[in-house]
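**Student:** The lines below spell out each chain.
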Amino acid sequence: MPDQRTNFIARLDWLTIILFLVMVVFGWMNIFASTYDPEGAGSLFDFTQRYSKQFYYILTALFLAIVVLTIDSKFWSFFSYPIYVLMLLVIPLTLLIGREVNGARAWIFIGSFSLQPAEFVKFAAALALAKFISRFNFQILKFRTLAIIGIMIGLPMGLILLQNDTGTALVFLAFILVLFREGLWWEVLAIGGLAVLLFVLTLLVPLPVLLPVISVIALGITWLYQRNLKFFFTGAGILGGLFVLAWLTGRYIGKEFSLTYLFFIASVIAFFISLLIILRKKHQPLLLILFTWIGALIFIFSVDFVFHEILGDHQQSRINQILGLESDLLGKGYNLNQSKIAIGSGGFFGKGFMQGTQTRYNFVPEQSTDFIFCTIGEEWGFIGSLIVVGLFSGLIIRLIILAERQRSVFSRVYGYGVVSILFFHFAINIGMTIGLVPVIGIPLPFFSSGGSSLWGFTVLLFILLRLDTDRYEVVS
Amino acid sequence: MRNQNQSRKYVIGGMVLLVSVIYLFRLFYIQVIDQSYKLSSNNNSRLRQVEFAARGMIFDRYGKVLVFNEAVFDLLVLPQQVKNFDTLDLCGMLKVDPAELRESLKKAREYSRYRQSPVVRNVSPEQIAALQEKLYKFPGFSIQTRTQRKYPEPIAPHVLGYVGEVNASDMTDNPYYQMGDYIGKSGLESEYEEILRGRKGIHFMLVDVHNRVQGNFDNGRYDTIPEPGRKLTTTIDAGLQQYGEQLLAHKRGSIVAIEPATGEILALISSPGYDPNELVGRVRGQNFERLMNDSLNPLFNRATMSRYSPGSIFKIIQALIALQLGVLDEFYSVDCNKGIIGCHNHPNAHGLREGIRYSCNPYFYTVFRRIILQGKSTSNFRDSEMGLSTWTPMAKNFGLGQVLPVDIPGVKPGLIPDVAYYDKIYGKGRWAFSTIYSNSIGQGEVETVPIQIANLAAIIANRGHYFVPHFIKAIEGIDTIPRKYTRQIGTGIDSRYFDIIADGMAEVVYEPGGTGSRARVPGVVVCGKTGTVQNSQGEDHSGFFAFAPKERPRIAIVAYVENSGAGGTWAAIIASLMIEKYMNGSVTQLDKEKTILEYQQY
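Protein chains in written order, with our numbering: chain A, 526 to 1001; chain B, 333 to 934.
Chain A on its own, in the form it takes in the complex (with noise of 0.2 Å):
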């Protein structure tokens, strides 16, 4: 065995260059059978069918990953922050000379090549994250390291979100993984989880249901931090008679809150600030309770707001879908439907290799991008779903590994990035499948059909790989 100090081909990382090419080898596979048509057209590699471009995509894929491994990894780290820019300059790009496909104004034509920017700019902003967290001195519970990662990230979302892609915007939220991996506070993640739950709730519980339901938790986190009968009991005393009072003046007013919800919007940004002042400094548990309750309280009904007011009317319908409150079929919830037909009449073997009728009919929209997972269900039924998520899962953990071995700051963090982006897509493109996850367009890493994504989530990973070649490396 080649000594791996010396030996740059046996410091790579060839399990994950395996299941990098198995990935993308079972992807094109499915794109082949989703959109294969025996009358349309004549040879695999001209130009004209999905999986004949996909070919070509994938081989030039592998051409960058050639590419990127050959180029030092200090070139990455020093370059960060202009590629980072570069990239950041050229979203605008998409908003002066772009086309607008699907409502989204994401992509410049070039003849009949077509490049999303924002799949480049994932990897960009792992980079300069990873710059900025591997800073000499760093110091993540600060209010100005804090605001400064905010803008790092938030400046390439809102940029996508002009383009009105909010599916990809989306995907940077996920970086706050990288964040609790480098020293977050934990209740962000908690707290995180929480408001999704909330939200869920409150869309599907009525009112009167949901407070008995925030005094169970607000009591529940008071004694987590503190282990105390007594103020347990006063807690849950003031929240009885936060209960009554409510449901007197609910009685007398009627439902009309006269509150305005910019109000409420406010209060809740007000309310999670103060939280966390009062989650750090340990005390005060009486005030922990009451300010849950209340933020918790103030959240349900900014939820009410953001829902009818700010969502547009197709999010608030896939929001609906998934909860099971609107059921249409031949409609709005057509997508989701056909996506869970596809799959599940695939049973546990799968109907075989191109015998996927709801996929191969085009019943289900997109079927060889966003919903490609339709197709691998239905042709290889819950053996190749087990695969795929297999596959997802062991790449991810294995990107873990990867990550935790670094000894560079900058590598580690950038490696978290990678498992951040990879976990989100996986996360939710399934989830969205098989009716788990609001409708949200982002493609499934390697397998869906694109050039675009194939290629950013190739430089995104083989940059990791780079970087792991010179773990051994002492940074300064």
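Hints are computed from structural coordinates only; laboratory data are not their basis.
These numbers were taken from a predicted model, which means no experiment stands behind them.
Incorrect hints may have been included.
[Said to hold, decoys possible] Below, in silico cross-link-like pairs of lysine to any residue (SDA-like), each with a Cα-Cα straight-line distance of 25 Å or less: (1) Lys370(B) / Gln880(A); (2) Lys415(B) / Arg624(A); (3) Lys415(B) / Phe638(A); (4) Lys370(B) / Asn860(A); (5) Lys370(B) / Lys667(A); (6) Lys370(B) / Phe638(A); (7) Lys415(B) / Val615(A); (8) Lys667(A) / Phe657(A); (9) Lys341(B) / Arg624(A); (10) Lys370(B) / Gly872(A); (11) Lys882(B) / Arg795(B); (12) Lys439(B) / Asn860(A); (13) Lys341(B) / Gln880(A); (14) Lys341(B) / Asn860(A).
Given the coordinates of chain A, work out where chain B should sit on it, guided by the hints.
**Tutor:** Just chain B now, with coordinates in the frame of chain A:
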């Protein structure tokens, strides 16, 4: 090197695993455990392509086509595939209002963006030909072929009926029908629906989301082939029917002509009518509404639904019942004193024949009195009750007061009052002959519909029996017609009494003082009787019923012209012309014809 939060890698790794495990559970559930997705998948990609069977054609008694089928085209749309197109160009080709097209496109989109729905129905072949060449300009649109009813002559709308799309109750009553199917809604189309419709074929195809056929489903194992509807030959004489409609044009009234020996209906006319072609295709909706709202009520079949007092025609029934009961003989005479019941001026009737000839009211008042008051009880009330309970079933034996099971829907029963009927109005034992005597001359409570009177003419022509009037002559593939139309039904009256009536009815037409002299037909002995129906709402209805020839009759007929005065005028002339037309094939009494055609009520 700061790496103090290393343990958090387990949290992140745990999240990845947690999500993976949740997804795998969910996938296992929808892919392996829940079978409903497999079903949906089959329904999804399986198109039930219905091949409509062509409806059976309908012929007249001589084999002349009354109804046939014509190919029509529907323009379908698949909203998802629709791109910007030239609305005006499309509307111009199809002659539809752009606003209307936009409206139906909107409806189609609301129904589903991914399923086809019709946007323009019943496009003509000429328009389709023009459209077909340009269809490539209108992505998402396609053409579907169906057949639709077509009537070479615009006759007999009430007999033939019309066809329409099934409604919700049709579909629940009979699972054969599905949304978009057609069903006979009235007339013969409705009565013989199952024979005419045939059986639609169902073709299961594998399709993609655009309903583009990808191949047969399971090699066509579940497919059925459409069976075309069977041909129906009716008893209608198209020539006579058309002539009758011509005679009744611009008048309110009806004509029914029956072949006495078989009960076959030769013509059934209700005026005003409509052109059956009006209730077909794209114009159907608006025409239907117009006809529905027409104050002259053209959709109403007067021949089977108009309830008139039979008037003097009913005197024949009274005479026959009295003869059979033995309370009257042919030589019985009555002075026309106009004491209790009014009459027109005529010589006193000597014998029953003259009573009929003069249509003498006091004569038949007396006859009915003799039937009802037979002196079996000392109580006048009780006696009336006994008399009426004898009379009612005998009158009903003539096919009155009950629905004649004619083979079109909606035939009305009319009314022959019985004891219970009067008890309900006046109370038991509180009415007597004096209450009900108007019935003696066909006024009062009795009501008949024209087809019953035509049947009555057939009964007299047959000297005492009838066959239920019907339109069916032959059904393709079946040797017989329904038994109910071939069974001879008696009236319980001896046939010799009918000869007296026939004599009287001939005198009505041919003897001086007869009320029906206008009914004469050159070379044929016509037996007839006028029936002037008093009408509270306006002028009397003119009615006349007849059969001809007197011996071996070939046609029995009734004609009514509403609000036109005495029966001897308009109705008798129409009966005369119809008889001549049927017997001789042509009409020589041109002056009569001219009179009728010039008489217009609206």
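**Student:** Next step is simple, just say for each hint if it's right about the structure.
**Tutor:** Against the structure, the hints:
1. Note on Lys370(B) and Gln880(A): the hinted pairing holds, with a Cα-Cα distance of about 14 Å set against a maximum of 25 Å.
2. For the proposed pair Lys415(B) and Arg624(A), the alpha carbon gap of about 18 Å is at most 25 Å, so the pair holds.
3. A threshold of 25 Å between alpha carbons decides the hint, and for Lys415(B) with Phe638(A) the separation of about 23 Å falls inside it, so the pair holds.
4. Under the criterion of a C-alpha separation no larger than 25 Å, the hint pairing Lys370(B) with Asn860(A) is consistent with the structure, at around 17 Å.
5. A threshold of 25 Å between alpha carbons decides the hint, and for Lys370(B) with Lys667(A) the separation of about 55 Å lies outside it, so the pair is violated.
6. Only pairs whose Cα atoms come within 25 Å are accepted, and Lys370(B) paired with Phe638(A) is rejected, the gap being roughly 38 Å.
7. Under the criterion of a C-alpha separation no larger than 25 Å, the hint pairing Lys415(B) with Val615(A) is inconsistent with the structure, at around 32 Å.
8. Taken as a hint, the Lys667(A) and Phe657(A) pair is honoured in the structure, with Cα atoms around 14 Å apart against an allowance of 25 Å.
9. Under the criterion of a C-alpha separation no larger than 25 Å, the hint pairing Lys341(B) with Arg624(A) is inconsistent with the structure, at around 41 Å.
10. Proximity of Lys370(B) to Gly872(A) is assessed by CA-CA distance (about 8 Å); at most 25 Å being required, the pair is judged to hold.
11. Our distance criterion of 25 Å between C-alpha atoms is met by Lys882(B) and Arg795(B), whose separation comes to about 11 Å.
12. Restraint check for Lys439(B) and Asn860(A): the C-alpha separation of about 20 Å stays at or below 25 Å, so the hint holds.
13. Distance hint between Lys341(B) and Gln880(A) is unfulfilled; the C-alpha atoms sit about 41 Å from each other, more than 25 Å.
14. Between Lys341(B) and Asn860(A), the direct Cα distance comes to roughly 36 Å. Violation of the 25 Å bound is thereby established for this hinted pair.
In summary, the numbered hints that this structure violates are 5, 6, 7, 9, 13, 14.
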